[in-house]
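My request is simple: use the sequences and hints to build the entire structure.
Quick note, the sequences are listed as chains A and B, same order.
Following the working numbering, the numbering of the first sequence begins with 191 at its first residue and continues without gaps.
Following the working numbering, the numbering of the second sequence begins with 13 at its first residue and continues without gaps.
In short, the hints are calculated from the structure, not lab data.
Just so it is clear, the structure is predicted and the values come from calculations on it, not from any experiment.
Careful: at least some of the hints might be erroneous.
Derived DEER-like restraints, expressed as beta-carbon distance ranges [stated by the list, open to error]: (1) B/Glu-76 with A/Ile-647: 49 to 59 Å; (2) B/Thr-129 with A/Lys-678: 43 to 53 Å; (3) A/Phe-385 with B/Phe-147: 37 to 47 Å; (4) B/Val-24 with A/Ser-206: 51 to 61 Å; (5) A/Thr-415 with B/Leu-153: 48 to 58 Å.
Glycine included, every Cβ here is placed at the ideal spot set by N, Cα and C.
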Amino acid sequence: MEVIDNILNGFAVALSWKNVFFVFIGVLAGTVIGMLPGLGPISAIAIMIPLSYGMEPASALILMAGVYYGAIFGGSTSSILLNAPGVSGTVATSFDGYPLAKQGKAGKALAIAAISSFGGGTISVFALMLVAPMMASFATQFGPTEYFALMFLGLSAISSLSEGSTIKALISAVIGLMVASVGRDLLTGTARFTFGSVNLLDGIDFLVIALGLFALAEVTNLVLTRNKVNTGNESEVGSLRITKQEAKEISGPIARHSVLGFIIGVLPGAGATISSFLSYIAEKRISKNPESFGKGNIKGLAAPEASNNAATSGAFVPLLTLGIPGSGTTAVLLGALLVAGVTPGPLLMQDEPNVFWGVIASMYLGNIFLLILNLPLIPLIAKILYIPKRLLISLVIVFCLIGVYGISFNTFDLYLLLGFGILGYVMRLLSFPAAPLILAFILGGMMETSFRQALIISKGDYLTFIQSPISAVLIAVSVLSLLLPLLKSKMKKS
Amino acid sequence: MLNSLNRKVSIVIFLIATLYLFYSYQIEPSRFAKIDADVMPKGLGFLLIVLSVLLFIENKEETEQEKAKRSLTKEEVGLLLLIVLFVIGYILLLEIIGFIIVTILFLTATSRVLGYTNWIKMLIVFVTFTLVIYFSFNELLGLSLPSGILPF
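Next up, the structure:
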């Protein structure tokens, strides 16, 4: 009954008054930032990292996890009320959520979204509890060869699944790896690409990249849309009441898409965005009257909401048990963990059960908080959407600058931050996705280390990557995932 | 031949890759390592060259949506550049004049150029924000932000 002991232990950690407070702060901040159109979960987590300086690892992780699923939760509010998704994971929410709001049923839509999210979140945390230990014990067999192959799969999956050109996504990923190679080499200590500068010897801090590439670059969005006044009327939210019939109707989609979302969340490269779209399409396909989708069908609202929240819990499986993030968002989360002094991986569960089980238990709590926050307080929270952007922009910029200054106390890093902000903006202009870059940057050091360790073990034989069966399968899947978009475009032409 | 944007971009990426490769060949060899520090960078450099060539060959037309993203008025570009200048000013002055004054100045200047006009509201929000950040960093997190010319 070791598992039950562990879970109880986790709840003891999560229910300490301090951690309850952090869960609350995390989900609240996540909801608020996620609600603001333009600022996504990556920015939300990156902006909150400075707050976690000096915290205990378990508390820091609990806080950051709360920000993450809080942001997905909050994104749905602006999708429904304004048809302006706060995060890409809630785009599908707006398909049926916004029509409902236009019919004067915003309150009902928000309530359905909150309940579906709660369902998706809770069911998937349960799944996380079951799957994570199995995954961790499986991963203890992994050596450097398998780790390298796994990270390779993560990078190729995120590149082939990102929107637009796969080649551009791959270029982003390679540039991320290149940025990661700046600084002292981990194995030999040789300086690389430092151009004689002491400031670059330790490499570039991940917070510089996360805040620059995402938060700062996304601020430019706010600058360009600052004159657009949010139209929507918070007084007309309407009743939050859901009838028994409706509750019965959405229970099916919630159950189905919690499982689907969780599975997609576990897979590398995919996440809340892809799972919510897939769930929406799947629900429409099995529906008896698919033509009502897009016109305010409550099932079409419940499906993506359950799914995107389930996917966020799913994403914790590879992050916590393998120490390998599958998406840009979890990459930043990993960075936040490293700042707090936690190294996730198969040994985390054994070595620091408090952290591991504490976080999982805190997710149940966080989902309850989100339900409480989002049901009665919705009209109040929705006011956040009406904060003048002109004030907000300068505050976000200062937050980024201070976040970076707080770790290094060095103005050199601030110039780097500005540089990455500009790079992030230019990449958006030229339609290069930024998520592969941050994922590659975070994985870069680990990938190179395991690559070289694998080669040292095999005495320089590159075939080692296809001789290990696990690694061979992973690499084959990666290559397939890269060829898939190519095949698809060929099929379209013919 | 260079008429499309993606082709121009691919040339820039090709140049970045070459530069990166050039510096990869400057990495000092280590006597002890079997697989040395330059293996991965060299591989990445060549990989990026291949990708830039692929981008050049692919030569995809931009979609309308992608074009719309790039259409900025001169005014907007000017505004973004002005904000970048403000940020540079902030960084330059942060350690000289100190966090509190520079932050309040930066916040006010940025919001003004963005067209926010309510002075009273602005000052209340900004002064509170700055002081809360300053004291919570100093007292709660134990990280002291530069006090500059102010005595505290």
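Comparing the hints with the structure gives:
1. In this structure the hint that B/Glu-76 and A/Ile-647 lie 49 to 59 Å apart at CB holds, the actual value being about 52 Å.
2. Checked against the hint of 43 to 53 Å, the pair B/Thr-129 and A/Lys-678 passes, with Cβ atoms roughly 51 Å apart.
3. Under the hint 37 to 47 Å, the C-beta atoms of A/Phe-385 and B/Phe-147, about 38 Å apart, fit the expected range.
4. The hinted window of 51 to 61 Å between B/Val-24 and A/Ser-206 holds, with their beta carbons roughly 53 Å apart.
5. For the pair A/Thr-415 and B/Leu-153, the supplied restraint of 48 to 58 Å is violated, since their beta-carbon distance comes to about 33 Å.
Hint compliance for this structure: hint 5 is the single one not met.
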